[in-house]
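Chemist: This is what each chain is made of:
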Amino acid sequence: MNQIEILEQLCALPGVAGFEHEAAATVAKYLHPLVNKVDIDSFGTVTGTLICPVAGAKTVLLDAHLDQIGFVVTKVLENGFLRFAPVGGVDPRMLLGCEVTILTQKPIYGIVSCMPPHLLKSSEQEKAVPIHEMLIDTGLSHPQVSVGTPVVFRQPLVELSGGAVASKCLDDRAGILAILQALEQIDRKMLHVNVVAMFSAQEEVTSVGATAGAFRAKPDYAIAVDVSHASTPDAPAGETFDFGGGVMIGMGPNMNTAFAKSLMRTARAHDIAYQIEVMEGNTGTNAWGMQIAGYGTAQAILSIPLRYMHTPVETVKLSDIDATANLIAGFLKDFHGEVYPYA
Amino acid sequence: MLDLLKTLCCMDGPSGAEDVVREFIRSHAAHFADDIRTDAMGNLMVFRKGIKHPAKPVMLCAHMDEVGFIIKRITNEGMLKFGFTGGVDPRVALGRAVRFGQVKGIVGIKAVHLTTASEREHMPKTKDLYIDIGVTSKDEALAKVQPGDYGTFDSDIVEFGDGLLKAKAIDDRFGCAVLLALLRDKPPLDTWFVFTVQEEAGLRGAATAAFALRPDLCLVVEGTTAADLAEVPPHKQVCALGKGAVIPFMDGRTIYDEGLFDMLRQAAETQDIPWQTKHMIAGGTDAGRIHMACAGARTVGLAVPVRYIHSPVSTAALSDMRDVYALARAFLEGIAQSIE
Amino acid sequence: MSKVFELYKTLAAAFGPSGREDGIRETIASIAGNYFDEVTTDALGSLICRKKAVGVPENVRKIMLTAHMDTPGFVVTYIDEHGFLRFAPVGGLFRGDLIHVQVRFANGTRGVVSYEEKPDFKDLQMNNLFIDIGAANKKEAERMVKPGDFAVFDAPSFEQNGMICGPFLDNRIGCAVLLMVMTKLPETVKDDIYFVFTAQEEVGMRGAGPAAFAIEPTMAIAIDVTDTGDLPEQKYPMDCRLGGGPAVKIMDHSVLCAPRIRSALEEASLITGVPIQHEILRDGGTDTAAIQRSGSGVPTGALSIPTRYVHSPSEMCAVRDVEQAAALLTRTLLHTL
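Chains as they are written, first to last, in my numbering: chain X, 1 to 343; chain Y, 1 to 340; chain C, 1 to 337.
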């Protein structure tokens, strides 16, 4: 399978936060050939462990979250219409007319209804509709749907030009792919550190999957692989990053400075395109919980620049996924378990 | 202890970059310690055997970090766009001197002559602020600083008024000074003196330190906000300078242990140590993490009242500092007494 | 008077705002003591009752059922020169619920909450309110209370039309459910069962995490109250009503419940015929979240009693929902979990 095919399959896995178990089983299969053993915990977090031949070696944890944003059915009305609530941060403005899949045993197709324009006053057309006033149209008179059923966007992967792709849940299936690609480049027998690859549950809501997983794995170092905002014409230039500009290395209190600098040195040594993303507070990623789980870790964040986050058409450049994967692999291959702060 | 405090306040240790402070404290503590540890976050944990040896040592805690800055971007004109690490009121940053190691800068704002009336009514947002280090191009700036560099306010020490001290970072180099002063004598019982990182960033370091040490009992020594300014109604003053050590019963993150609160209060009254409590529920200390760590810990706090906390001109009274120190000693003695 | 109302009245009479739960803890311990092998109190004040399993230790699961025993309240922050008390809320209080309510302190002192007239009524904040204990001046007030003293609502309760109305249904009614399940436990059980009455939930779910950390349960279920969507002109009506049966929580703002706990509760509903509703709460945070993230994670679910006017002095729930919750939970604990 080529890169786009794998990414397409990853993005097709239904894994709304809190409902990751099916996706977990599939992802475990991808991980299996690359590691020594695979576990799935009660949250649906998938963990693969690579044991290096050095006794007493340190452990590096790589984390990308498995869950995606979505919805949950809150009420079944007459005429086959459903009320729903968001799971994770969904922008309501782009939901009208959206195609969705209701994840019943046999999935059902749905459309987020919107009132036709000629029935609205012009002032009503300008206002954003809040989610609790929206409806999903199933077209069925008696849909066999129960309250609490998860719902996802129905948007398959689209190949754009310039080596870019658009799909739902590239946040964070792109991160999962980057980790899988990195593991493929590593020969376990040449490692001087143990590696734990974790695809964690429920990041979009509470990060409980990653926090519990890090608590269990007790790593010395942890790298959260997630996505961050790439620039678009309507977003403030000072707060977004270059699309195609390479892997984003995080700096700030949520990151260990020596670790971040070590990653930068590796990127320069291997000619990997990178950008620096300084975050002065809560980074809003699994890194926030992992850094202080149990005894704590030396924490890093690597992010893939992504446009239109939390929409059905998230967009990334494949070269940025490659840069992320190559940086992880390049770092692990040379890493003996100690980082030095010198620039 | 005052000289120690002044030295500590002059050091730069913003949340996320406490290295200099940690090394100083470690070098001072080494002579008295029976065990010294650090962890992945950068906490410094110092153990000293005491006169009594309970099953679990007691824990004292103060944080090493101060509120500060981190450079986010450098503009083409060589100006630094930045964020605050820890909670800084942006209003006190305007027009202030700052430093990134040896590199000095100022938080610029355009001259009032160039503002409109509506601009003067609103405070700028942090993302609109910039630091000027005197250069005029991005390359010139990059020769001196980098995105990701940490900085602090540039502020000196002034003793003024009736026994007041102005310095940056009294919160919580004061607590560090108290712990170091207590460490010099053999404590009444086995004690962990814990110097945490990143308290201002969200009580971060305390989480991993408490997990490692699993205390049953803990005293957190802090600086707390005093709003005893003219024209502030008494019920909003929180606490006042010169009125003694603050023993809080509750803040935004912790309801302090009732028994330990009473113990401190009684010690203050029997030993004639001036004390007060906080008259507003706000903020939080490392106790917020420690009391909930692992299977839980009984936790209490002591604090020195500080005006203009989290600003370059934070101010405290020397008499209050002595009162907190005395009560911290009394805490250790009281705990030791309750052990057979 | 129904048995549920009787039990609720006993529990509601006990003093126990977050952080000062001694009163309610003693009341519960006196009711529960004889049913358990071990009863302990932890550092934060949670009451942990354990019934040991009979059987092969390696196969024994630890099941934790919890209900928080604390209530919201008030804490005195300042006494002014005229003897009026300034206070801060302990837990989530809504200003609209406080005007001219009566309160009581642990030492029996009574008071009434009122407000400053100067600010616009609609703009009132907590710091514009005060408690009047009828003291002539500061000195007199200081003989009765001091800063750091806690108070709770002092409100009557009644039973009517199969409904209970009164203060602290959140969460003394949850405690009542656990105490009712407790009486249905058989002599010997195959799992290690922990009934935990947690402290300090209302101020941020603080007691549940440390309690769960110490126990390391295999799985857990929290009992609490939840909102309803059956009132006139509600903004975001939930599909949940009084008398519709206990609600199985799917999610709230702080947690996504473990699917297997949810299905165990649903299976028990099918077996017993107890009707259930589903809870999806936009806001809210409960002990469920704190337990779930403790240690290396715990599969956790929740069962909720639909309740109107939560955190007011006059909450309301249906007696039958409470009885059905106890029946459902008992069946789940002993058979479907």
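Simulated from the structure, these hints should not be mistaken for laboratory data. Just so you know, even glycine gets a beta-carbon here, dropped at the ideal spot from N, CA and C. Fair warning: there could be bad hints in the mix.
[Unchecked claim] Now the in silico label distances, taken between C-beta atoms and shown as ranges:
id, chain 1, residue 1, chain 2, residue 2, range
1, C, R260, Y, D89, 43 to 51 Å
2, C, E233, Y, D162, 55 to 63 Å
3, X, K218, Y, Q266, 39 to 47 Å
4, Y, D89, C, T41, 51 to 59 Å
Chemist: Next step is simple, just say for each hint if it's right about the structure.
Modeler: Right, here's what the structure says about each hint:
As the Cβ distance of R260(C) to D89(Y) is approximately 48 Å, the hint placing it in 43 to 51 Å holds. At about 60 Å, the CB distance of E233(C) to D162(Y) agrees with the hint of 55 to 63 Å. Checked against the given bound of 39 to 47 Å, the beta carbons of K218(X) and Q266(Y), roughly 42 Å apart, stay inside it. At about 41 Å, the beta-carbon gap between D89(Y) and T41(C) misses the expected band of 51 to 59 Å.
In this structure, the one hint that does not hold is number 4.
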